[in-house]
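Asker: Chains as they are written, first to last, in full-length UniProt numbering: chain W, 1 to 473; chain C, 1 to 473.
Don't read these hints as lab results, they were simulated from the structure.
Pairs count within a copy or across copies, as identical chains cannot be separated in the list.
Computed list of lysine to any residue pairs in SDA-like fashion (alpha-carbon distance at most 25 Å, straight line):
{"no.": "1", "residue 1": "K446", "residue 2": "R14"}
{"no.": "2", "residue 1": "K234", "residue 2": "T338"}
{"no.": "3", "residue 1": "K434", "residue 2": "E90"}
{"no.": "4", "residue 1": "K434", "residue 2": "A421"}
{"no.": "5", "residue 1": "K234", "residue 2": "D339"}
{"no.": "6", "residue 1": "K446", "residue 2": "R349"}
{"no.": "7", "residue 1": "K240", "residue 2": "E273"}
{"no.": "8", "residue 1": "K434", "residue 2": "N423"}
{"no.": "9", "residue 1": "K446", "residue 2": "I10"}
{"no.": "10", "residue 1": "K446", "residue 2": "R393"}
{"no.": "11", "residue 1": "K434", "residue 2": "A127"}
{"no.": "12", "residue 1": "K434", "residue 2": "N422"}
2 protein chains.
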Amino acid sequence: MSFTIQNVLIPVDRAYETVDVQIEGDRIAAIAPHLEPVGTLIDGRNKLLLPGFVNAHTHSSEMWQRGMIPPVPLELWIAELYDFTPLELEQVYLSAIGTAVETLLSGGTSVVDHLVLIPGQELATIATAVRAYRQVGIRAFVAPLIQDEALAASLPNGGIEREHGDYVRSTAATLALIEEAVNQFHRPDEGVNILVAPTGIQLCSDALFAGCIELSDRYNLCRHAHLSETRAQKLLAQEKYGRSAVEHLKQIGFLSDRTSLAHCVWLDDADIEIMAATKSTVVHNPLSNLRLGSGIAPILRYRQAGVNVSFGCDGSASNDSQDLLEAIKIGSILHNTTDFDYQNWITPRQAIEMASLGGAMGLNLNDQLGSLTVGKKADLVLYDLMNLSLLPRTDPIGLLVLGRPVNVVDHAWVNGQSVVANNTVCNVDVNQLKQELFNQSQWNAKRQAPTVAQLEAHYRSVMGLSESTLGYS
Amino acid sequence: MSFTIQNVLIPVDRAYETVDVQIEGDRIAAIAPHLEPVGTLIDGRNKLLLPGFVNAHTHSSEMWQRGMIPPVPLELWIAELYDFTPLELEQVYLSAIGTAVETLLSGGTSVVDHLVLIPGQELATIATAVRAYRQVGIRAFVAPLIQDEALAASLPNGGIEREHGDYVRSTAATLALIEEAVNQFHRPDEGVNILVAPTGIQLCSDALFAGCIELSDRYNLCRHAHLSETRAQKLLAQEKYGRSAVEHLKQIGFLSDRTSLAHCVWLDDADIEIMAATKSTVVHNPLSNLRLGSGIAPILRYRQAGVNVSFGCDGSASNDSQDLLEAIKIGSILHNTTDFDYQNWITPRQAIEMASLGGAMGLNLNDQLGSLTVGKKADLVLYDLMNLSLLPRTDPIGLLVLGRPVNVVDHAWVNGQSVVANNTVCNVDVNQLKQELFNQSQWNAKRQAPTVAQLEAHYRSVMGLSESTLGYS
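Put together the whole structure using the sequences plus the hints.
Answerer: Below you can see the structure in the form of structure tokens.
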């Protein structure tokens with residue numbers, strides 16, 4: 001299929017230009033003013049064309065709990081999340097569809113889903129998410145979330161050794177599962193990729209990391225994990241290894257130019273140097289970091305050190321949405337409070353590049369994706385500049401990033417295929433999706449999470465907080 | 001006019017209840033399950049009813065420059081803003097309409113417009129904004145922005161005395177203007193209020209403050225100003241008065257229970273005590289504070305000290321939108337990074353109360369507005385819980401505040417009058433508004449602001465920043 005977007009605004013250097021863009025098959029074939037029209041014609045007047053963004057870290061099934069968990073830090077939040085994790089494949093399907101829809105409608109054409117697996121139905125969970133993403137047509141990076149330690153191990157012990165229960169699945173079984181998932185589902189040419197994705201040092205043994213590295217090398221897979229998200233995790237790394245998590249991951253060989261690491265809030269200068277030297281990518285999830293009180297990641301310092309940074313929404317239970325434009329806005333302006341010198345602040349154009357080319361780089365695909373370049377894949381988004389939220393006419397990228405765009409995605413394409421047309425997702429009946437989300441849920445202002453009650457006293461003690469007088473519940 | 005909203009969800013204690021709500025005239029007449037229907041019937045099923053929020057600080061005409069000004073601190077940003085301030089009454093009209101529309105569609109039923117006046121057409125500017133707000137039907141608090149010193153006076157001098165040009169209008173003429181505006185436009189019963197609103201200590205003499213206080217007392221007007229927004233303003237107050245701006249405003253008698261103060265980023269503990277003792281209200285503008293790098297206002301400390309806090313969008317050139325739900329979300333979760341003890345964090349229900357009752361309190365109208373209470377004015381918003389961004393069904397207020405709602409306002413009423421119906425603003429042709437905003441603007445990636453170039457070297461020097469190597473342009 002070929003098509004030509006005519007008379008569309010694109011950013012060029014520090015200005016804009018009106019051009020035609022020809023797409024042939026899955027590639028950008030030409031960009032220039034007044035091209036000979038080829039294939040279907042798309043009217044690009046009063047519209048802005050940008051490369052699709054990468055939602056570089058999320059957990060799709062958290063959609064079922066968005067808005068629900070009260071404001072508490074990660075270590076308690078996750079206990080509540082796990083107590084109510086969806087256990088039906090139909091739920092996994094619907095929330096993957098929902099995550100893809102919200103990502104597409106906020107400028108994303110790729111999604112990295114650090115996918116929570118239903119115990120006992122692990123491969124079926126992965127198959128279900130892959131099916132959902134293939135249906136929507138979004139470029140999918142499915143990163144099955146794996147661990148081999150039980151949740152209580154993720155808290156620092158504060159000097160007191162604690163017994164941790166065994167995890168439900170052995171390290172070897174987990175690695176075999178991932179290898180099977182690669183064999184069944186890893187089809188980069190078809191827009192479906194499997195990543196090795198241990199959840200992080202807080203719940204994974206070195207053996208699990210080593211197995212992931214081996215699979216990554218053997219099958220040429222990207223690597224993904226959480227890294228140093230909270231102060232508790234920083235304390236834990238010192239307890240476990242006597243060094244920072246970054247130093248440990250470097251020592252065991254997990255860091256590389258195809259490794260992306262979500263959060264990276266609590267890194268010091270030595271850690272940042274390691275991130276730069278290993279060409280690892282930081283995935284910044286600003287809304288989640290604020291919502292969970294994790295802290296403000298030192299994004300300006302990463303950029304100064306030459307570390308690649310991209311944006312993620314994180315799961316919908318810690319955000320509580322999947323709007324990439326919101327993540328890009330807050331992930332840019334938040335850091336203006338961390339450096340008095342505004343010459344270091346992130347400009348809207350830099351933010352756009354982080355979200356597109358930076359995202360592609362974190363997936364080792366920057367030669368294929370992430371910019372309006374002839375020969376690259378046609379993962380493109382066309383924004384409607386006649387939308388009220390993008391008026392009056394000022395600087396289109398400035399307003400797209402710094403404003404609060406509402407329903408601005410007019411068209412989107414992945415691999416040259418139309419996935420959004422006329423502000424409507426092409427391959428999903430959104431009314432039916434809404435009805436199914438409605439049918440499978442209930443309003444509930446207050447629920448009781450048993451695991452949180454078990455963990456809270458220990459958490460407060462080890463984090464130096466006074467004894468709870470209110471209680472979590 | 002009377003109407004009954006049937007079977008609608010409202011928050012009660014820590015839960016929800018399904019009730020009918022009767023409105024008679026401009027008041028809430030009854031709230032209970034299964035009321036006898038009165039007047040027009042509104043189907044409230046699968047909808048949430050909340051009191052309208054207050055957009056407690058904005059500058060409507062900044063809409064013309066939203067998305068345009070690069071990421072720089074207030075003191076340089078404002079110079080660019082002023083260089084390109086709209087000078088046509090038609091622009092004032094359109095941006096007031098746009099500000100009202102975006103406020104209504106994000107849950108606001110009241111707006112405080114710290115209105116920039118066109119030199120030489122001051123009263124006409126106020127008349128134009130009043131006309132726009134009356135047309136839309138939003139409750140309007142028009143706060144003409146006044147000053148009696150020229151812009152260069154707003155920078156600290158760093159020990160070197162600098163000559164400042166005179167301001168275009170005398171202090172006496174400015175006060176006479178405000179009194180005339182009160183006589184012509186201040187009609188609280190009709191939903192139009194005039195406030196005395198010196199821009200702040202950075203550009204106002206004590207004589208101007210004294211005149212405002214006198215007008216406020218004589219006509220029972222609320223008081224509004226910017227306060228301690230940036231580090232530069234904090235330095236300036238010490239230079240000018242040898243004490244903090246809060247101490248100075250207390251001494252001259254400006255602080256009161258009908259005084260609301262925008263920003264309050266750089267207050268210390270003594271200042272906070274004064275704010276509490278004088279019952280002054282802090283208007284938190286989180287997006288503007290991030291965008292301009294002003295800092296993170298100590299909102300949790302205000303709340304602990306008993307200071308009333310409400311939310312504002314601030315003008316669209318420093319936000320760059322007028323979405324109150326976005327301001328409420330970021331203004332809540334941002335502060336989770338400032339206190340390790342999550343028991344102090346703002347919950348979604350608290351945020352809703354700050355935005356409604358807190359907003360009303362800052363305008364000395366908490367006996368009339370800000371809660372679902374029989375006898376209070378019917379300033380109400382009905383949210384569509386079948387909207388994709390509010391699904392699945394979890395905790396409706398949790399998801400409204402922490403999610404990223406898109407087009408969720410189904411109905412809104414001000415003074416019992418319908419202002420939004422079926423997600424459409426009743427009294428504005430939005431397509432025509434868009435066309436007029438489009439016609440009166442041009443896309444422009446880069447413009448030159450002469451005043452910025454004049455100020456930048458001095459700003460960098462006095463703020464201790466290294467000599468500019470990039471330059472603002």
